[in-house]
Each structure stands twice: as C-alpha cells, then as structure tokens.
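Once you've looked at the hints, dock chain G against the given chain P.
Number of protein chains: 2
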Amino acid sequence: MDINSLFLGAKSENDEIFSKELVKLFYDHAQWRKNFHPEDPDIISKSELSSNEYIKTTNKMETVLNELSSKLRAKMMPWHSPRYIGHMNSETLMPATLGYFAGMLYNGNNIAYEGAPATTVLEVEVGQDLCKLMGYEPEIGWGHLTPDGSTANYEAVWYMRNIKSIPLAIKEVVPELVKEKTQWELLNMSVDEIMDLLDKVPDKLDDIKKYSSRNDNTKVTMLGKLIVPETKHYSWLKAADILGIGLDNLITIEIDDKFRMNIDKLKEVIDNLVDKKIPILGVVSVVGTTEEGAVDYVDKVINLKDEYSQNGINFYYHIDAAYGGYGRAIFLDEDYKFIPYENLHDVYNKYNVFKNKDIDWPSKEVYNAYESMSKADSITVDPHKMGYIPYKAGGIVIKDKRMKNTISYFANYAFQKDTKIPDLLGAFILEGSKAGAAAAAVWTAHRIMDLNVSGYGQLIGASVEGAYNLYNKLQNRKEYIVNESIVEVHPLCKPDFNMVDYVFNIKGNTDLVKMNKLNFDFYKKSSYFTTSYINDLIVSHTEFDYSDYKDSPLEIIRRIGISKDQWDNVHKLVLIRSCTVTPYLNDPEVFKYYSEEFDKAIVSKFSEILKEN
Amino acid sequence: MDINSLFLGAKSENDEIFSKELVKLFYDHAQWRKNFHPEDPDIISKSELSSNEYIKTTNKMETVLNELSSKLRAKMMPWHSPRYIGHMNSETLMPATLGYFAGMLYNGNNIAYEGAPATTVLEVEVGQDLCKLMGYEPEIGWGHLTPDGSTANYEAVWYMRNIKSIPLAIKEVVPELVKEKTQWELLNMSVDEIMDLLDKVPDKLDDIKKYSSRNDNTKVTMLGKLIVPETKHYSWLKAADILGIGLDNLITIEIDDKFRMNIDKLKEVIDNLVDKKIPILGVVSVVGTTEEGAVDYVDKVINLKDEYSQNGINFYYHIDAAYGGYGRAIFLDEDYKFIPYENLHDVYNKYNVFKNKDIDWPSKEVYNAYESMSKADSITVDPHKMGYIPYKAGGIVIKDKRMKNTISYFANYAFQKDTKIPDLLGAFILEGSKAGAAAAAVWTAHRIMDLNVSGYGQLIGASVEGAYNLYNKLQNRKEYIVNESIVEVHPLCKPDFNMVDYVFNIKGNTDLVKMNKLNFDFYKKSSYFTTSYINDLIVSHTEFDYSDYKDSPLEIIRRIGISKDQWDNVHKLVLIRSCTVTPYLNDPEVFKYYSEEFDKAIVSKFSEILKEN
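As you go down the protein sequences, you meet chains P and G in turn.
Sequence positions in the first sequence follow the numbering used here and run 225 to 837.
Sequence positions in the second sequence follow the numbering used here and run 225 to 837.
Chain P on its own, in the form it takes in the complex (with noise of 0.2 Å):
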C-alpha cells in the first residue's frame, strides 16, 4: 500500500492518472444513457446543437464556470499544500472525490432503496463497515451516513432521548411487564433491558411509541440531565436545544491537565444527581476533541458506567468520535481484531505505520480509550474528517439495531413497508433526501483501504506522525529570534492525536492581555485575513474562555510564566491550532523542508507584526 499514490499530490503529481479516470468513468456513464433504449433516438437534434440560441447559453454557462473557477482559486483554502496546518482539513482521498463524481452522475437518493438501487446498499455495507471499524458486530449494529457531526450528534440525542422515555410509555401501555419498578427504576433502565422488553410485546411496538417522548414532551422534561465535559464540540449545546432537552439540562464536566474529562468530577456529578433522585439521560465523550485533539478516558467511563449499573444507576453512553473515530483503524489487525499494546509496535514496524520507529505514541491512556469504545451504545464518526473524504460524509453507528424502531418513520411513497426490500435507510434516520454520491466516495475508499492497520491505520499513522514531528520541533526550538526581540513557543501538551496548540509570547512578557493579541496577530497574518493564496504559513486558533474551560488553561498559563492573577482578570487564552491532517509531513525529508519553510515564515510574520505595534 503506498498511501500517496492515492492523492492528487500537493503538487497534482498523480494529475494524470485522475484526469483518466475521470474522463473514463464519465464515458461509462455517457455511454450507459445512451445505450438505455439504444433505439430512443436523439432529443437535442444536431441542427440544435448548431442554432443561435443553443450556442449563447452553452456560451453562457462556459463563462459562469470559468468564473467559479476563478473565484475558488483566488479565494480557497490550499487544503493540499504541507503548508496548511489549520483546521482538520486536507486534500482528500482521490479515488473518493473520483467516486462522489461517479455517483453524482446517477444521482441517486439514498433515502430509500427505489431512489437508488446500487448506493443504498454500497451505504449499508459503510454502515458495516464503520461497526466493525469500532468493534461493534456488523450483524447486531448497524450505521448510516449522516450529513455531518453534528447531525449525528442529534440523531444520538434522539435515541437516547425516546429509548430512555419507552420504560415510562410501558408502565401506561403494558403495565403489567414493569409491575413492579418505580418511577426511578422505570428511568434507569439500560438500553439493553429496554430494548429487551419491547421483544417481549412486538405487537405493543406502535402503541407504546405514542407514550414514549416521540408524542408525549412532558416525558422530555422527565428524562433527566445529559453530561458532557468542557471540551464538547458546539453541537452538543445546539443538540440540547433542537432535541427539547433544553441546556438547562445540559451539565458540563470539568477536564484534567490532558484536556480529558475528569472521571473523578463526573463521578462526583453522577453521585450528586443520584442523592437527588435526578436521572442521567446521557453522558458523552470526546474522542478527539475539536480544539485540542484529546482522547477522553472512555474505559474509565465504561467502568464507572458498569458500576452503575451494579447499583441500578444506567445511562446512555455516546462517543462522539466525529473527528478522532478512524483512529481506531491503526489499534486494529486485518481480522479486525485490537491488537495487544505490547504487541503495537512490532505490528506498526511490519506494516512501517511510522517512519520514526521510536514515535511516543499512543499512550497506554489513549489505547485504553480507543480499546473500549465498543462498548458505547452508540457512536458518531466523520468520514469527511479523518476518513479523507470530501464534504459531506458524517456517520454514525448504534451498537444494537434493534434501537431504529424507536425512531422509526414510514412514507406511503417512499417505503413499501409489507413488501421485503433489501435496504431501507430513510425510515430510520434523522435526514431525509441523500445522495447517494456520498455513499459511493466512502464505500471506494473503504473498498481500497480496509479500516484496519494494514489500510487506513497507515493515513492515520502518518498524520500522527505529522502532528509528532511538529510537536517535538516547537518543544526542542524553544524561542524565534525576530529583530531585537525573543519570541517563545510553548506547546500546550503531547498529542493525543495528530493536532498541536500552541502560544508565542515575547520574551519576558507577563501580560496576558498583550499575548493574546500577539497570538491573534499571528493568526491574521496566517489566515483567510491575509490573502491565502499567497500565504506561507496558514494555522487556525483557538480561544480557552473561562466560561466553558474553567481554570484548565492554568497550567500554560504559568508555564509561560504569566501570574493567575493576569488568568483572574483576563481569563481568555487564544492559542495557535494546527491539525495536521496532510499525510506528507511524516516524512522526515518533507518535514525538514517545510519545517524550515515554517520557521522562515514565523520570523518574517513576526518582524512584521512587532514592527506594525
């Protein structure tokens, strides 16, 4: 497997190999309308295709394309080049983008299977697919595509939201199979008890729904409290909101050092809540958190969740894997299996996963997390993030199908519920229309790389790898000299995944205030604030805010030598954010030319930035 023959190439080395698939796939599909019916004959005559007015609009739409082309290559982002280390963004997997085009031609709707024969089974089996990729049973589990990570969250917050309301829809629709349970009891039923239950009365499955939170909202406000830790993406708030929980409901857990939820805090809310005969809807966890990249302490939740439940204390557990989820493909062997940790680096040197054999990763933390993801009820994973896939390919996955029927929906025109069809997706997801484009690129690339170590596990070795070598470089480099002036870098923590925060200050700076602005200049002159194309250097940033990280920016804080008083008064620390998604920059030769192109740039950035205060 040799990972950049599946690239366009920074610098479009593989161009012609794309452009003749491209042309080639595109006469496949030529050629197959014309050879439905071969004897239908021609609707655009050739005297048309010679007439006056046919000729102004062909004219016309040639011109609007060459200003779309213009236009996104003034404005884009170069995603290709090593010089991009920004948001979780790189080129894409060719022969994904190649098998989107070739689905777009038959633009199939993957909203049910008569909208698209051939791409709602291709997204069955990347269903399959991605429950295997996190040890969930492809016969038990099931998985769909989603339009992004956010969806899928809600999609998540819609199951654990109407399972965890069916107890209640039971007691008042076959009391007789929760007789002896108390309202408490009835709202810490675990997924697999409830689900076990609605097998016991298959033919109550519709009447019970009608008293579940599907059509009754005061059960909503029954349900309890849904926790997260600080570092949740955004759409968790939004999810709270959409899916009538309300974010007065929504508790934020403190995080540690690691910028992983704290189990002992979480603990201590879970407890808390339970004195107060509160239920616990849900609690999530980040793998790979958008800002920071960390990994949370899933194993750990899965034993607290466990202990629980010893004591009849249950909740859903979601992973939101949406950026961090294909990193599981680099803990797994061809059979699937999870490779033993001290077996890791001698299968990492067969499959040569890394360049840098010595690479300090992962730690024994972040394998522990990735080892117990299967066992969370469900999970949302982004091929368009680290699957390499372009926009839009969310995904999630449940760890037992039999959840789908307490969400499930039937339209007359689109699903023949009495007739066996093979696949049927839109009765059993939050979205409607699909394309089934979506589904062709995630299946071809799926199909070229199995999601293990011997495929994928090496796009994420390498982007790893990236994010180590940039780490190591701001560590071990310290200090920028920039005119008269010493700029630090300080590193914010290793890695645990492939991206990198960090701060510069002037030598001797203690202001806070006077950092965050010098960081935030930075981030100007290496953003869409400058005009990209022409940029050597593009990074993203971001901001810690007391409101949502508490004191955890501390650390840094004081590391960097600035007092927590400046932290007391000010408490907002802006940081430098570079994801290293790019699969080149493990290379120690790459790495060493764009390191220098780095350093260049950094010097050249800052001389203009202290000359311009």
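Simulated from the structure, these hints should not be mistaken for laboratory data.
Repeated chains share a single entry, so a pair holds when one copy, or any two copies, can fit it.
No more than 27 Å apart at the CA atoms, straight line, and that leaves these computed lysine-lysine pairs for DSSO-like: (1) Lys270 / Lys574; (2) Lys796 / Lys731; (3) Lys574 / Lys284; (4) Lys258 / Lys748; (5) Lys248 / Lys258; (6) Lys248 / Lys270.
Frame of chain P; chain G shown alone:
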C-alpha cells in the same frame, strides 16, 4: 436561452461539451495546486510513481472504481430518460454537476468563512437568490442551503418554537417590556412584534434566550399546537418528534378534493383551540405535496392569519415548498415582480414558456397561492428538487433575518464573534459541516438561469407542460385493450404542478382490493422490482390510507365505480404516481414518441399481469 443545452441529454447529446468543461475545471485546479508556492518541490517523486507498491495501489484503485462504475450502471435509475416518470427526479443541470465537481476539488466547508472563503460567499448569494424567488426583500430576509427538505423543516420548527417562547422569557428577564400582557397574550404575539421587542433590549438578548425554550424544556410544553395538512410530508411527524413538540401536539387538517388543505376545517380547528385557550404554535402549508403535487391555498391562510391577528391571535406560518418552491420562478418577470394574472399568457408567449399556447395552467388558485408566499414567516425550498441540482442541496429562507438571533450559537474555533468577517453561516443553522461544493453547484445554475420567467421559468414550464401532456393523454385515452380485457385508466385530478397520479382498473371490476393489487402489480413491473436498465417505463406509486387521508379518496373511488362500502372496508387506495421532472416531454414530437412507447409498455405489462393472475 436553450434549456436543452444545459443538460447532458437523455442520449448524452452534449457529452463533448461536458467532457471538455470537466477536464478544464480539473486542470484549472491541478495547476492551481502546482502554482501555490511553485518553489515547493514535488513530494511524490518520479521514482515513487513507478515503484511496485505505487503501481499495485493504483491498480487496486482502478479496479475498485471500475467495480463502482459497474454497480452504478447495473442498478441505478435511468433518471435521464423520459421513460422515467416516477419520483421527482430527472437528469440534473450539467453546469450544476460541473459546478459541484469544481467545488469538491477545493472541498470547502461552508460552516465558517475560514473554511471556504469563496463558497460561503456563493452560499450567501444563493440565499439572497432564494429570497428574491420567494418575494422576500433580499436585504431583510435571509436564506441558506440545508442538507435536505426535512432538515429545513426541522429548522423551521426550531425557529417557531424558540421565537414563540421568547415573550415568556422576556416576562422573566425584562418584565417591564411586557408588563400588561397575560400569559395568553404572550403566547399569541406575532413574529414581528417579538422581533421588535428584542430590538429594544439588544444587551439582554443572551439573557432572554436563556429563559426561552432553548434552555427551558418546560416552556416547550406551553407553546400549543402545530397544524399541518393531511398531505404533509412525513418529515413533519419527525419534526414534531425531534424538536420536542411531540406528535400529540401535531394536528392534521383535512384536505379538499383537490388535495389542498381545507380552509374551513383549518378555521374550525383554530377557533376550537382558541375557545379552549390552547395556543397555536404554527401553521404549515405545502406548495407541491409529495404525493399529488397539490398547491395549498396560501393566500387564504394569509387572509386567515391577518383576520386572527386582528383579534390578538398570532401563529407562525411556514410553507413547505421543498418540491414546488422553484415553481415561483414562472410567475416572476425579469425584475422579479409577480406578473399580473391577466398578462401571464402574453408573457409566456413572449418567452416561449409553453409549446402549447392554450395550456390550461395555472389555475387562479395556484396563481394566488404562489403570489402570497412572500407573506409567510419562512419557506423550505429544495434546489435538489425542481432546481435540477444534484443531491444534496435543500434550502430555507426566512422573511426577517433578525429571527436568526433566536437560534444562534458560536464556536470559538469556527467563528470570531468580535471580528468582522464577511459571511458567517455556521452560527445560524441547524446542520454542522457543509459542502461548499453544493453552494458552487446552485450558484452556477442560478447565474446561468435567473430565477424568473426568463430562466428557471422555462424549465418549470417544460416540466408542467409535460405533466399536462401526460394528464390529457390519460384523460383522453381512457382505456387499453389487453388481450380479452379492457384496462381503464383514471387520472386523480388536474395537476396543480407537474405530478400526475392515476389508477388502473379492469373494466367492470368493483372490488377495491383487486384494483389495488392490479396497480401494485403494475408498479412492480415498472420499478426496481424489475431490472431498471431494460425497463420500458418506470413509475412510482403511492397509497392513500384512511389514517392519513380520511375520506378524501372517495371522489375518485366513486368515479371509478367502486362503492363507498368497499372503501369503508379497505380504506386504502393504491395509485400510480408520475412526476414529469424531465424537461423533454413538453415537445410535441418527443411526447408523441414516448407516449406511444408508454402505451406499448402499459399493454405489455398488463398482458403479463393478467396472465400471471
């Protein structure tokens, strides 16, 4: 304008120009990559490009792409052919497909300007286009693309739910603003009044939102009922569920014999609710019902809304024009003014909108409905339906952009709240990451064809005329002789838009179950149940079920000669459903050819069906 030049063509007549533009857009991009820092060396070396591993991986890629292409050709629906008259699908606009492809190469994420500086601007322009299409002031209204019509509908419910709860929140946060108002009055304020109130206390906005249904889920339970017609898309059920309104608070209104919401019944329901002091959260009309293409009496709802408003009763009014929305283009002159009814046919003659100058469309009812759309609070309109754009591109427009603030969120990494950035989408939408490519596709189409009679109107006209050709044909044809039997055909009703529903029956049969089976058998012979690629005629079907339609199907049931008793026993009617999105069936010669082919196919299919039974 020659609309035929904008499609690849049913027989790929335009393959040369498609291929030329495709390759040009690709090389524009490939060269852009190379010319971003031309001094940066190639990363993939020539020797790597000829290595064994590289060739092996490339071969695998080619094999999988061939497999994909083969699967697509074997099973996908031939939307491109006029033989496909089923769902609301046909081939899409060539420039839109090319625009999507170009956009995908740059793979921007329109969630934030930073991720897509070119394509977010295009999406904002598209939003303004859609405002103009709906008669909203582009400077006052606002719009954006959504994944699909369903999520646009969810967003509409999100708006109405959060906005209608704002007065309750104001009562708690700034009571002096609403001090004289009762709870009933607070729950009956209009969107305009609420926005004006918020304008008075801009500094309190965030506080007020904290007491709205965004934070407080008990407020959701106070908002009353959401009213939809029986013909609503099933996403309205999902919307009520997902947004925490609950299906128990969804009221469906009966329809009349034209499958439009019955205004008297609506009034009755509202009066009844008002009597009981139950608030009305919102009312939804459909412009282009999914099963019948019916256009609800928007103008009459607007009149009703104004009347009730006089009496202090205000509800949010949303129009689900996911399907019919682009139809409004045919009523707008080049200055985007709504064309007077008496001038319509002169204008249509001037612009050659219809081949048949005597076409009996639009009815005054349909005209009035489209005219009044500009008075709704928000409208769902999907470019990927009658905009002829590939999936996925839904859309929503709101009349007053101040509404955005009631649903807004900000993410530190994605948005800079305190910095002026040109355009910002992610903070004000339901979805998360979104493909810039979709905006590029829609923008390209809109720039080539204005959203009025000179552009898209022509396309809508071709499609509507195709439907009238089909409707008139079935109406006049009346029956088919199949072996010894006579198969009658009964169109449901004159199309409001471009969809024709019809029912087949064996002459003399008065058994509804038998008739339903006959139609379903026909559908099975004309859909994915039979291999699509060699099928002579492909349609879709629908079912009118008593639970959704009450006794509305009685009119056609009786017309066919089936008794009310039969209906009362069976309570289900199976219909064949043909949406003539194809832009070719307006041409008399083309229609004549395919009409004869349809007749042959109908006779041949029924001949098989009758033998099998």
